[in-house]
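**Q** Given the structure of chain F, go ahead and fit chain B onto it with the hints provided.
Here the protein sequences line up with chains F and B, keeping their order.
Using our numbering, the letters of the first sequence correspond one by one to residues 69 to 233.
Using our numbering, the letters of the second sequence correspond one by one to residues 119 to 1086.
There is no bait here: all hints are sound.
Pairwise CB distance ranges (calculated):
no., chain 1, residue 1, chain 2, residue 2, range
1, B, S143, F, L147, 37 to 43 Å
2, B, S526, F, G105, 22 to 28 Å
3, B, R594, F, K79, 47 to 53 Å
4, B, P266, F, K206, 27 to 33 Å
5, F, G105, B, P266, 45 to 51 Å
6, F, G105, B, V340, 47 to 53 Å
7, F, G105, B, K238, 42 to 48 Å
8, F, L147, B, E388, 24 to 30 Å
9, B, S404, F, G105, 33 to 39 Å
Read the hints as simulated data drawn from the structure, not as lab findings.
Glycine included, each C-beta is placed from N, C-alpha and C at the ideal position.
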Amino acid sequence: MIKGVILMNDKGKPRLAKFYDYHPAEKQQELIRRLYGVLSSRAENVSNFVKVDSLFGPDARLVYKTYATLHILFIFDSLENELAMLDLMQVFVETMDKCFSNVRELDIVFNFNKVHAILDEIILGGQVLETSSSEVVKAVEEIYKMERAANSIMAVPSITSWQGR
Amino acid sequence: MGSQGGFGQSKEFLDLIKSIGEARSKAEEDRIVINEIEILKKRIIEPDIPKRKMKEYIMRLVYVEMLGHDASFGYIHAVKMTHDDNLHLKRTGYLAVTLFLNEDHDLIILIVNTIQKDLKSDNYLVVCAALNAVCKLINEETIPAVLPQVVDLLGHSKEAVRKKAVMALHRFHQKSPSSVSHLVSNFRKRLCDNDPGVMGSTLCPLYDLISEDVNSYKDLVVSFVSILKQVAERRLPKSYDYHQMPAPFIQIKLLKILALLGSGDKKASEQMYTIVGDIMRKSDSSSNIGNAILYECICCVSSIHPNPKVLDTAAEAVAKFLKNDSHNLKYLGIDALGRLIKISSEIAEQHQLAVIDCLEDPDDTLKRKTFELLYKMTKPSNVEVIVDRMIDYMMSINDNHSKTEIASRCVELAEQFAPSNQWFIQTMNKVFEHAGDLVNLKVAHNLMRLIAEGFGEEDDTADSQLRSSAVESYLRIMGEPKLPSAFLQVICWVLGEYGTADGKYSASYITGKINDIAEAHSTDDMVKAYAVSALMKVYSFEIAAGRKVDMLPECQSFIEELLASNSTDLQQRAYELQSVIGLDARAVENIIPMDASCEDIVVDRELSFLNGYVEESLNKGAQPYIPESERSGALSISSFRVEEQHGSSGHSLRFEAYELPKPSVPSRPPVPPVSSTELVPVPEPTYHREFHEAVAPKFSVSGTGSSEIKLRLDGVQKKWGKQTYSSSSPSTSDSDTYKTQNGATQRDVPSNLSSKTRDVSYDSRRQQEEINPEKQKLAASLFGGVSKTEKRPAAGHKASRPNSHTVDKSHAEKSGPSDGGVVKASPQPPPDLLDMGEPTSISNATFVDPFKQLEGLLDLNEGTAALGSSSATKAPDFMSLYGDTSLSGQNMGTADLLSTGSGDANLIPGISHAPDKNGHGTGGAVTLSAQLSKGPNTKEALEKDALVRQMGVNPTSQNPNLFKDLLG
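Extracted from the complex, chain F is given alone in its bound form:
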């Protein structure tokens, strides 16, 4: 089972944190800080896997990957396959990329509700739900189409026209 997904920038600031087991806010913060410590201690050109049993209990592993300034971390237990997690991360990033058309850190900061929506389509309750990024994009687009409709009913001016495509 997947225990958590964390996006943080290269200075250790969390950009998105989702834990599938409940941890109180302080604990989450502590975990994020220590994970950042783990990442910082990793040399370049080494494997993307780290054992994090000291943080998340026996058999917990971490797969991380760095995209420019953004680290993406998946924490999971022995029931998942490390390489597959790495690819799941790829699915996640591909999906974000499709949804934001060339995603960058800023997009994630400002749209973390949407990123959450994407993640919810991929992982549910710690289990991998969907692994086809086009399916996920379809689902997320559908949600946002509906929401847009709802928004226009509310007739609140919003600055979204810049991206009209």
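**A** Structure of chain B alone, referenced to chain F:
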């Protein structure tokens, strides 16, 4: 597409994010966030907040909480938002509550009703949102409230809903298996769902169910195999392809399930060989996901009933992993090897050099994994080398968690496979020296026990040799600074028991040393307690031997100090010591007999030795004893009696009202006083137990005849707690080894082993001829050790220590200079920049960082022609999708990028390869088209950026670099 609604946040929110991004320190960030919380607290309770505004507040709360601050004041508003009819708001509400609340939060009760309603909604998106919340927020008690609705949804027309409903049920199963036990058949039914996605999600709960009870799912083997076959033969819709692999995640899940079902079941396994073998043969080892499947196949093969043909294929795959330059694959290779050696240990020997390379790799993850493998393949023949390596590694790391793990593994291996007791003690000394505070206290006790028990009764000289060598080693080590407490306790104990046993050291020398320890660690009461007990033993042995005891003046003052100690335990030990010294030789001999630490003490609970005395008294007319239970009004009085003995005033008030009814009192009448008054009147820390049992009871019982103290060997184990059962095997194996050493007998087991492995190791040795001899040596000692040690006895040598040579060798290898002339067979891998391995493997979504493009453009405006030309090539570079951080990280905005032009070419081939390989490649095609429209992207990015500026997130200066820093 696009980030609709994304930048719809107000300027305030953008300002907040910007200022947090700019914060120079954690303190500054905290200040900003606390300020934000104050604002939100005030705003959120204002009446008539427009819903849209409210939604933004909630998002800000989520943000604040993500940064680690308490936003609980706003939870209720998030809960309220879930009640809203507007989908957008409802989803925001659900998102917030799933992030804020745990399943046991008080507010959940307010949401359950909404969830119930939403699960019945006509709008499937509402249903999905509710299902998301169900997975996170429903606990055991609330499951029944939503269960019927969720079960209904299994038949929903939308596959997205069915999928999520299955997952929700799975979650229920995790939280409370009994709540959904009657629904198990539903999972089986969903396995046949038309939608592959739903089928795939069903595999998750099925995996859990099967791992709980394999046997009731054996009938599904056929189905799983046929599903796997269909998937592997690309019968699924193309949309499930991922990087040209058909539904790889479903394949992986299926392989995991098959591994469970086939484990130890020959019949089931036979159905799987073909398909698993096919997948392995056909697998695309050039892509990441292909390797993931391959790895899963190996796991499956190693778990099911072994089949030589499939195993061979798996071994080949492992070889491929290990030879790969990617650390990820090496890691998996090592892991897979660890699984395969359970079935056939020869496989490891083919890869010995690769394993040793991994052991010396700078990557800590890989190293740890390799140690795990070594741990699994430890045998009596290679234990010395492996434990040696482990200890070296243990000394090199700082992380206490892994240090503890390695230390306990060293101990475990040493206990299991120790070739000689000498070696065992030396190893333990090392472990204690470097990680003594981290290992379990029981380990210390086991060590003491081993020294005390020796090899058993048969050979006393060997025992005493062992003890003398232990004493020697401790006298040597003692001087080291900073020894951990547990180790000092062992040292004190051994010195006390055996310091003077062989007559080599005088009592005054040993007591002086013990005293040194106590003085050097005057703050550690445990050590002092061990020290004073050790002194007592040394002195009483002296007295018993009829020698006169001259207490060293420093010991004298040490004892005097303890007599006035704050610790009652220390005080008691000191008093005991004083009174023991005052007794005559015969008494002392009974109190503390020589070398009796292993003998059990039998407490005569009936006090039968008093029978004669009692009879005599009765004859003289004394009142017979009436058990407390038979006395009238026994309850209150008896409990009172006990108190009396402890010195409370029996004449004043009675507090019966406060006493608990004590039905259990009669069952244990006179025993407690014996132990409580005579042994230790003080509540003692439990860890002193062993000692008190070992020493004090003898003290109390001794006067009445030592005939009561009889040997009860079966009880010995109890004294040392649970551990002993596992460690009793080491001591027997030790004696085994010992026999071998004397050349008396030869063990059969290793010879069997070695005959099996010999051929292989010969082969592999031939292959290694031109390989660095150091590594060769190490490899030989790790893998081929068995055959070597076997050869020697066969040649008629009575090898006294079969493995000493290998150890020496490994030492020599460590210290000696490397013989330079020999070429390494496996050259250093080239720097691994593309950590995903192969450019063809990934058709990626591509990140274009508009900022960097912008930089290029700005530079162009400034007229830097060179950079201008680079801006075009630069565009697709960015963002090291391939983990190429070193390049992208450093080269931002520098002219170097020109030289890395090949780096960005990288991406495009990566994408265009995708369709090459397989004409369809839908995913690839999409990204490709996105990629080709590079021009518009740049423009778009500029627009995006202009908007950001418009919104007030302007950089403080014109320097775009700074801007980049601020916002990451």
